[in-house]
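Engineer: Sequence order for the protein chains is A and B.
Residue numbers for the first sequence follow our numbering, so the first one is 205 and each next one is one higher.
Residue numbers for the second sequence follow our numbering, so the first one is 1379 and each next one is one higher.
Hints may be right or wrong, so weigh each one.
In silico DSSO-like cross-links for lysine-lysine, where the CA-CA straight-line distance does not exceed 30 Å [stated by the list, open to error]: (1) Lys1391/B x Lys281/A; (2) Lys446/A x Lys426/A; (3) Lys1656/B x Lys289/A; (4) Lys335/A x Lys1397/B; (5) Lys1721/B x Lys1656/B; (6) Lys345/A x Lys334/A; (7) Lys334/A x Lys1742/B; (8) Lys1577/B x Lys1656/B; (9) Lys345/A x Lys1391/B; (10) Lys359/A x Lys1591/B; (11) Lys312/A x Lys1398/B; (12) Lys1398/B x Lys334/A; (13) Lys1454/B x Lys289/A.
Just the calculated beta-carbon pair ranges, DEER-fashion [to be verified]: (14) Thr1399/B x Glu339/A: 17 to 27 Å; (15) Asn212/A x Lys1591/B: 20 to 30 Å; (16) Arg376/A x Lys1656/B: 45 to 55 Å.
The set of hints was computed from the structure by calculation and includes no laboratory data.
Positions of the beta carbon are idealized from the N, C-alpha and C atoms, including for glycine.
Now for the letters of each chain:
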Amino acid sequence: MEAVISTNKLTKRFGQFIAANELTFDVYKGEIFGFLGANGAGKTTAMRMLCGLSIPSSGAATIAGFDVYKQTEQIKKNIGYMSQKFSLYEDLTVAENIRFYAGIYGLKIPEIKAKTIELLERLGMMNEAKKLVRELPLGWKQKLAFSVSLVHSPKIVFLDEPTGGVDPVTRRQFWDLIYYAADSGVTVFVTTHYMDEAEYCNRVSIMVDGVIEALDSPRNLKRQFEVDSMEDVFYKLARNAKRAEQ
Amino acid sequence: MRQLLTFIRKEFKHVFRDKKTLLMLFGMPTAQIILFGFALTNEIKNTSLGIMDLSKDEVTRQIIRKIDESKYFEVKMYLENERGIEQAFKRDQIRAAVVFPANFAQELRHSNKSQIQIIADASDPNAATSITNYLTNIINEYQLQQKSALVAPMQIIPEVRMLYNPELKGAPNFVPGVIALVLMLVCTMMSSVSIVKEKELGTMEILLVSPFKPIYIIISKLMPFLIISIFNLMIILLLSVTLLDLEIKGNIILLLIASILFIVTSLSIGLLISTTAKTQQNAMMISLMGMMLPTMLLTGFMFPIENMPLILRILSNIVPSRWFFIIIKNVMLKGLGIESIWKELLILTFMCFSLLTLSIRKFKIRLQE
C-alpha cells in the first residue's frame, strides 16, 4: 500500500512543553484515518505540522511525498482543509465561494467553470448557486465547505472536527460524502469527538498527552481493549490524561 | 497574479455588499466636510453689533456706516448708556458694542487723538478676539483713507495682513484636517476590522493552508481601502473646491503622492491592530480610541500644537497625521512646492516603511503560532 502521510518521531516543542511527542505513523492512499484525542492532547499541533502551517521541532514527515520542512508550498497544493467553522464567506453566493477558492488555488478559468457546475450538480444545489451562503441551512453549508475543500483535487483532505454542532441525520449524510471522496482515491484525515464517527473510519489513532497511545482499525482496537464500543476504548485511554483542557 | 486578482475582487464584493460600511465609507467624508466647513467655522459673519454714539458727528457716522457696510458686522441697535449695553449683552442681542465718547470728531481735530471703546462678549474668547481684530481693522482702514485730511505728525500704523487666507475663513484650516481624519479612519479601522473578521470566520485558516502567500493576503486585504481612500480624497477635494470655494494652489500630483504615503501608513497601523485584536469590536475600539482621538487632538487642526504643554507637543511628533496635515496645508493652501515639505515627507516616509515592515512581520509571526 502506498503511504501518503508518513511520519517518523515527529515532535513539536513550545519551550519546555512538548505538544506532540515522537509521533510515528503512516496513512495510506484512499484511507479514512480518524485522529482522536481529548482536548489539549496535541491533535491540532500535529495537524498543523502535517498541513505545513507549523515547522516541527524534530523528527521527519512526508505529505503526499513532500517534506514538511522544505516543501511546504508543494504540500499546500496537494492538500485540502476544512474546519468546524465551515470557512465560507457568508456574504458571497454559493457559486462565488466555489470560484474564489478554486481561484486562489490557481485553477484556470475553464477549469473553474467546469468544477463549479460539477460540484453544484453533485450537491444538488444548482438552484442555490446564486444564493448567499448566509441563507443556506447549516447542513448545506457544511457539505458545501467540504466540497470546496476538494475543489483543487487534493491528494489528502484534512477535516478538523467537521461535524461539530450538526444533527445526526446531517452528520450521516456528511459521512456519505466522505466515503464518496475516499472511493475516488482521496485520503481523508479526520479529527472528531463523536465516537460513532470513529467507527466509520478505516483506522483510528488515539492521542493522549502528546503521544499516540493506540493505532489500529476500530474492530482491532475494541478487541485489544476488550470493550464493545470505541467510546469505551477512548475512555480507557483518555481518563489517565494529565493535561487539562486548554 | 490571477490569484491575487481573484482575491482582490472578493474583497471589493465584501465592501460593496455591506450597505452600512458603504454608507460610512462614502457618507463620512461628505458629512464631515459639510459639518466642519459650515458649522464649525470660527469665521465672523454678520455679527450683531450695538453702537453707543455720544458724539453723533460726521466722523462717527462715517465710521459706523463703514462698519455696517462690511459683511462681518450688522449694526443691530443704538444704545444710549452703559446699562443699555449690559442689557443687550445679557439678552444676547449683540455680541459686541462700539462706544464713541462725546466730542469725538472735535477731539480728533484738535489733538489728533481720540479714543473708541470696543466691548466684546468674551464668553467665547476666540470669537471675541476675532471680532475686536476685525473692528480694529475697519477703523484703521478708515483712518488710512482719511490720512490726507488728518495728517498726523507721526504715526506708526501696523498693517496686519492675513496671508493665504485673507478672509480668515474657517474652511481652509479644516479641510486638511478632515482629509487626515477621514483617511486615517477609513484605512485604519476598516482594514483592521476586515482582517480580524476573516480570522473570526475561520476563513483565514483555510487561506493559510492554501498555497496563497500571506503577503498576497495582506496586499489584497488592503488594496480596496487604498483605492477607496484615493477616491474619498478626490471627493473631499472636489467638495472643498465647489462647496467651500477653496482653491487648490499647489501641485495636485505632490498632494496625491503625500496622500498615498499617508494612506499606506494608516493601512499599516490597521494591519498592526489586526494582529493584536481578537474580535471585530475589539479592532474597532482600538482604532477609534487609539487613532481617532490622537488624530483629532494632536494633529493641529482643532487645537494649535504650539500652545500645548511640552509633553503633548513631544507626543504629537509620533502622530503621522500631524506631518501629513502640515504637508497638505503647505501644498494645498499655500501652493508651496516640495522644497518646503521635504522634511515632513521624509518623516512620513520613514514612519510608513517602519510601520509597514513591523506590521507585516508581526502578521506573519501571528499566523505561525
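Engineer: Against the 30 Å threshold, does the CA-CA distance of Lys1577/B and Lys1656/B hold or violate the hint?
Structural biologist: holds, 8 Å
Engineer: Straight-line Cα separation of Lys1454/B and Lys289/A no greater than 30 Å?
Structural biologist: It is violated: about 70 Å lies between the C-alpha atoms, which goes past 30 Å.
Engineer: Mind checking the alpha carbons of Lys345/A and Lys1391/B for me, to see if they're no more than 30 Å apart?
Structural biologist: Between Lys345/A and Lys1391/B the Cα gap is close to 20 Å, so the pair holds against 30 Å.
Engineer: Quick one, are Lys312/A and Lys1398/B close enough, alpha carbons at most 30 Å?
Structural biologist: violated, 34 Å
Engineer: State, for the Cβ atoms of Asn212/A and Lys1591/B, whether the hinted interval 20 to 30 Å holds or is violated.
Structural biologist: Holds, at about 29 Å.
Engineer: Given the hinted pair Lys334/A and Lys1742/B, is their alpha-carbon gap at most 30 Å?
Structural biologist: violated, 35 Å
Engineer: Within a Cα-Cα threshold of 30 Å, do Lys345/A and Lys334/A meet the stated pairing?
Structural biologist: holds, 14 Å
Engineer: Could you grab the alpha-carbon distance between Lys1391/B and Lys281/A and see if it respects the 30 Å cut-off?
Structural biologist: holds, 26 Å
Engineer: Measure nothing beyond the straight line between the CA atoms of Lys335/A and Lys1397/B; if it is 30 Å or shorter, mark the hint as holding.
Structural biologist: Roughly 18 Å between the alpha carbons, so the hint for Lys335/A and Lys1397/B holds.
Engineer: Is Lys446/A within 30 Å of Lys426/A, Cα to Cα?
Structural biologist: holds, 23 Å
Engineer: Could you say whether the range 45 to 55 Å given as a hint is met by the Cβ separation of Arg376/A and Lys1656/B?
Structural biologist: Violated - the Cβ-Cβ distance for Arg376/A and Lys1656/B, about 35 Å, lies outside 45 to 55 Å.
Engineer: When you check the alpha-carbon spacing of Lys1721/B and Lys1656/B, does it fall within 30 Å?
Structural biologist: Between Lys1721/B and Lys1656/B the Cα gap is close to 37 Å, so the pair fails against 30 Å, i.e. violated.
Violation of the numbered hints given earlier is confined to hints 5, 7, 11, 13 and 16; the remaining hints are satisfied by the structure.
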